[in-house]
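Peer 1: Listed below are the residues making up each chain.
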Amino acid sequence: MGSKFSSTREIYQELAKGNITAVEAIHALKVMQSSPANVAVDRLESVPSDNAKEELAKLIGLKNVKNLVREIEAFAKIQRVRQQLGLKSESLVLHMIFKGNPGTGKTTVARIFGQLFKELEVLNKGHVVEVERADLVGEYIGHTAQRTREQVKKAVGGILFIDEAYSLARGGEKDFGKEAIDTLVKAMEDHKDEIILILAGYRREMEQFLRINPGLSSRFPIILDFPDYSLSELIQIAELMLSQREYSLTSSAQNCLFSLLKNLGDNYDENRGNARLVRNIIERAIRQQAVRLVASGPLNREKLQVITEGDIKAATEETSAQMFNRWQAERR
Amino acid sequence: MHKCLIVGKPNVGKTAFLLSFSRYLGLAQVELRVRTSDGSIHAKRRSIDCAYTELVGPVPHITQELQSVVLELPVGKGRRSFELVDSSGIMDGIHASPVVRAAMAQTLEAVTAAKVIIHILDAAAIGLLGLSEGVGVIDRDLAEYAQQQGEYFLLANKMDLAGAQRGLQIITKAFTQVQTFPVSALTMEGFKEVKRHVARVI
Ligand SMILES: Nc1nc2c(ncn2[C@@H]2O[C@H](COP(=O)(O)OP(=O)(O)OP(=O)(O)O)[C@@H](O)[C@H]2O)c(=O)[nH]1
Ligand SMILES: [Mg+2]
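Chains A and B are the protein sequences, given in the same order. Each residue of the first sequence is one higher than the one before, starting from 1 at the first, in our numbering. Each residue of the second sequence is one higher than the one before, starting from 1 at the first, in our numbering.
So here's chain A without its partners, still in its complex pose (with noise of 0.2 angstroms):
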């Protein structure tokens, strides 16, 4: 039943580095087709499941948050049995810092870490609260601590996610961002037991926040490194998500995405493996697609499953000028 491997993927780079031979990898992929959970690659994809640690397994890679949880589970259990026996127990700090890029994952691991810990019975509800710098930080002193608070009382029995949380620590000394931290701190130990916080960004400033804030890395045992998907993990991305639609791209489109996502990847830092860039792309070259097929004669099947180079280029055109938009605004 029980796989060494936590994905294909892990199959693949263990017979490309050599520790496996073909005829085991072989054997390792009948195993792990013959338990569904490992089937899907996208782990953008949140398929609603009543158990957490399925969901956990149908991401691609993300061995550290895997085994991060192994070792939660049994910490916890083992906790619960001293209790029991009348012995110590430990109380679990959880709250966590998740470092990475943008697409790569971390809200979705965020959600799903909020039901594992509920089946856990480390946290009582299990829900997420998305929060980002607007919704903790007021306009007049004393407003910031009042609006944090009540995000924190949202979130009791669950998780406080805060988004580009170095963003609290922006505006210098006497911005109310400082309140924020200072309140986010108290109520820390206020629900000690009831709550864990994520503080999520990228990863450099991420790290230069809690260099500047050497009280809060303290607080935060655990750190989550999210890598950026290769580029054949995003080509792969991009053909399942078509597959699963019934849609192919011609050789011609291929090699449009490709070099895009190569280009993209090799000129804007943030969207190197952003895997949620993909998806909007295809997306949106389906949308073009659609557009196109109206405006032209008969229809057929393959006509109606194929997506063209012009396809593509039209879906990215606009991306390109979104994230011009975006550039030209955050310079302001």
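Bear in mind the hints are in silico, worked out from the structure with no lab data behind them. Note that beta-carbon positions come from the ideal geometry of N, C-alpha and C, so glycine has one too. Possibly wrong hints are sitting among the right ones.
Taking lysine to aspartate or glutamate pairs in the EDC-like style, the calculated list, with each CA pair at most 20 angstroms apart, reads [unchecked claim]: (1) LYS66/A to GLU121/A; (2) LYS115/B to GLU246/A; (3) LYS77/B to GLU302/A; (4) LYS30/A to GLU65/B; (5) LYS17/A to ASP92/B; (6) LYS17/A to GLU65/B.
These stretches of chain B come out as covered by chain A in the derived footprint (C-beta under 8 angstroms, 3 or more residues) [claimed, not checked]: (7) 40-50; (8) 121-128.
Start from chain A and add chain B with the ligands according to the hints.
Peer 2: Just chain B with the ligands now, with coordinates in the frame of chain A:
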């Protein structure tokens, strides 16, 4: 578009079959779509003669990536195109070259994704070596795994060579459940049957 994946041990004639079958379907030139194991894609156009000289040879592991040709077959009243994909040979053991290992991993990945799989065996070599030496664990395991993926059939290749008849007998005994076509990538014998079968499954 349907993809048909060609797999098998090194040197059984996978690439020879890809090119020869393209010629059989009327092409003189092919546009080869090459996908390397790191995911990059490029295309190259060659006459089939040139491609044969460049890509087919008597030593194992010549092909180290996926390379494919888009072909057309008459299906019903119309024609249907499909992509015939050649892969790098799979063998047991741990190969010393990281490039070969990465290529084998890529092949297995393609098997996992494939809906139509053509598994090629070297009937002449099997005739020469006999059952236990000629048909390896890798062929049996590959067959078992590939069958779960979808359409799957065997080509017993190199039927033009001496000893291949005996090889074919061994193959049909070893793989009783699987449809097997005797062919020669050199002389194109047996291609008519393969063509008819491919048209049925794509
Ligand atoms: N006589 C004969 N020789 C063949 C036939 N098919 C292939 N060959 C020869 O077998 C050798 C290997 O052929 P390839 O097509 O390169 O084999 P492959 O399976 O692609 O090998 P790798 O790419 O290394 O995995 C070459 O020398 C071919 O000329 C055939 O039907 N008859
Ligand atoms: Mg070859």
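Peer 1: Below or equal to 20 angstroms on CA atoms is what counts here, so check LYS17/A against ASP92/B.
Peer 2: holds (14 angstroms)
Peer 1: Taken at face value, is the distance from the CA of GLU65/B to the CA of LYS17/A at most 20 angstroms?
Peer 2: holds (17 angstroms)
Peer 1: Holds or violated: the segment 40-50 of chain B covered by chain A, criterion of 3 or more residues with Cβ-Cβ distance under 8 angstroms?
Peer 2: Our answer is that it holds, as 4 residues pass the Cβ test (under 8 angstroms) against chain A, meeting three.
Peer 1: Are the Cα atoms of LYS115/B and GLU246/A separated by 20 angstroms or less?
Peer 2: holds (13 angstroms)
Peer 1: Decide if the proposed pair is consistent with the structure: LYS77/B and GLU302/A, CA atoms, cutoff 20 angstroms inclusive.
Peer 2: holds (14 angstroms)
Peer 1: Given the hint that LYS66/A pairs with GLU121/A, does the C-alpha gap stay at or below 20 angstroms?
Peer 2: holds (18 angstroms)
Peer 1: Apply the coverage criterion to the segment 121-128 of chain B and chain A: a residue qualifies when its Cβ sits closer than 8 angstroms to a Cβ of the chain, and three qualifying residues are needed.
Peer 2: Violated, because only 0 residues of the segment 121-128 of chain B bring their Cβ atoms closer than 8 angstroms to Cβ atoms of chain A.
Peer 1: Going straight from one Cα to the other, do LYS30/A and GLU65/B come out at no more than 20 angstroms?
Peer 2: The hint is violated at about 23 angstroms.
Consistency with the previously given hints fails for numbers 4 and 8, ordered from lowest to highest.
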